[in-house]
Structure formats: structure tokens, C-alpha cells
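Undergrad: Sequence:
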Amino acid sequence: MKIYKSRKNKFYKLGYILPFVFVSTVIFVKIIHKDKNTLSEFINGFTIAFLLTFFWYLIQKKLTYIISQDTLTCKFLLTKQIIELSKVTKIKKQKSRYIATKTCGLASFGLILFYNKYDELYISPEKEVEFITDLLNQNPRIIIEDFN
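If you count the sequence shown from 1, position 126 lands on 346 in our numbering, and the numbers rise without skipping.
These are calculated hints, taken from the structure and not from any lab test. Incorrect hints may have been included.
Claimed, not checked - When the alpha-carbon atoms are kept at most 20 angstroms apart in a straight line, the in silico DMTMM-like pairs for lysine to aspartate or glutamate are as follows:
(1) Lys313 <-> Glu346
(2) Lys228 <-> Asp290
(3) Lys228 <-> Glu304
(4) Lys312 <-> Glu350
(5) Lys313 <-> Asp366
(6) Lys222 <-> Glu304
(7) Lys310 <-> Glu365
(8) Lys315 <-> Glu365
(9) Lys295 <-> Glu348
As the list claims (entries may be wrong) - Computed spacing ranges between beta-carbons, pair by pair:
(10) Phe266 <-> Ile286: 33 to 41 angstroms
(11) Lys322 <-> Ser288: 28 to 36 angstroms
(12) Lys230 <-> Lys310: 25 to 33 angstroms
(13) Ile268 <-> Asp366: 17 to 25 angstroms
(14) Val249 <-> Leu356: 49 to 57 angstroms
(15) Arg361 <-> Phe274: 39 to 47 angstroms
(16) Phe275 <-> Lys322: 18 to 26 angstroms
(17) Phe262 <-> Asp290: 31 to 39 angstroms
(18) Phe240 <-> Ile286: 28 to 36 angstroms
Just so it is clear, CB atoms sit at the ideal spot from N, CA and C, and this is done for glycine as well.
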């Protein structure tokens, strides 16, 4: 069993900053206009910003890909996508902004995994070459497309 973490873009780091910037701006505008109840709104706003940031942290830390004997498991918070490796037909490097019908990746460019007859899954492992090598060791019939 091999575990891979999802690759993250630099834009995903903004998820840590933006909730606090937004809440701080709203509170600053309310202070300038001398609204009442500023302290309670301040506390509520930062609580919401903290919860959003914590949720964003969980999303980034809990997204993993697990290759076991005959399955690929994509774990994402409370959900789990299990794909039989024998049914994977093709892996394609994503070159455009188009993302597959099912998404299990955080980076803007990654891999599209084709399985069954019409299903596809977008993934973005940190170590793409090692990930593909492990998949090919399990199922050598997988076709690799557009991978440099």
C-alpha cells in the first residue's frame, strides 16, 4: 500500500488569508461608519474566518491517494472514491483548464484517470511520475497519453 498526497497550487495558500482579509475589511468599514455592536460582530466575524480557514486546512491535509493491491482509493474529508485498477484504461496529462467530471485534486493542472467505459477522475498527486509508475506496476495495460 502506497500513499500519495495531493499537490497544491500557490493560489490555495490564499485560502488561509482571504477569510481574515474579508472579515477585517467589513469590520473596518463598520468602525468608520460608527455602527453599534462592533465588538460582537468582530468576534463573530473572526470566528467564522477561523472556521473557514480550519476547513480549508482540513481539505488540503486530508486529500490523499492510496494505491493498494488492486484498488486506487481517493480520500477527501468524509468521502472516499474507490477505483479498481483493472478497470483503469488510460491516464492523460491535463493541459487545459478543462477538469474531468469527477474531481479529487487541488492543483490546477494534474492527471485525468479514465476508467470503466465513460468515467473519468481528475487527480493531482505530488509525485506524478512515481504515482504513474506504481499504477503501471499494478496494471501494465494502462495507456499513458500526453505525458512528458
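Undergrad: Could you run down the list of hints and mark each one as holding or not?
TA: We went through each hint and held it up to the structure:
no.	hint	in the structure
1	Lys313 <-> Glu346	14 angstroms, holds
2	Lys228 <-> Asp290	27 angstroms, violated
3	Lys228 <-> Glu304	25 angstroms, violated
4	Lys312 <-> Glu350	15 angstroms, holds
5	Lys313 <-> Asp366	6 angstroms, holds
6	Lys222 <-> Glu304	15 angstroms, holds
7	Lys310 <-> Glu365	7 angstroms, holds
8	Lys315 <-> Glu365	11 angstroms, holds
9	Lys295 <-> Glu348	17 angstroms, holds
10	Phe266 <-> Ile286: 33 to 41 angstroms	36 angstroms, holds
11	Lys322 <-> Ser288: 28 to 36 angstroms	20 angstroms, violated
12	Lys230 <-> Lys310: 25 to 33 angstroms	29 angstroms, holds
13	Ile268 <-> Asp366: 17 to 25 angstroms	42 angstroms, violated
14	Val249 <-> Leu356: 49 to 57 angstroms	56 angstroms, holds
15	Arg361 <-> Phe274: 39 to 47 angstroms	42 angstroms, holds
16	Phe275 <-> Lys322: 18 to 26 angstroms	21 angstroms, holds
17	Phe262 <-> Asp290: 31 to 39 angstroms	54 angstroms, violated
18	Phe240 <-> Ile286: 28 to 36 angstroms	33 angstroms, holds
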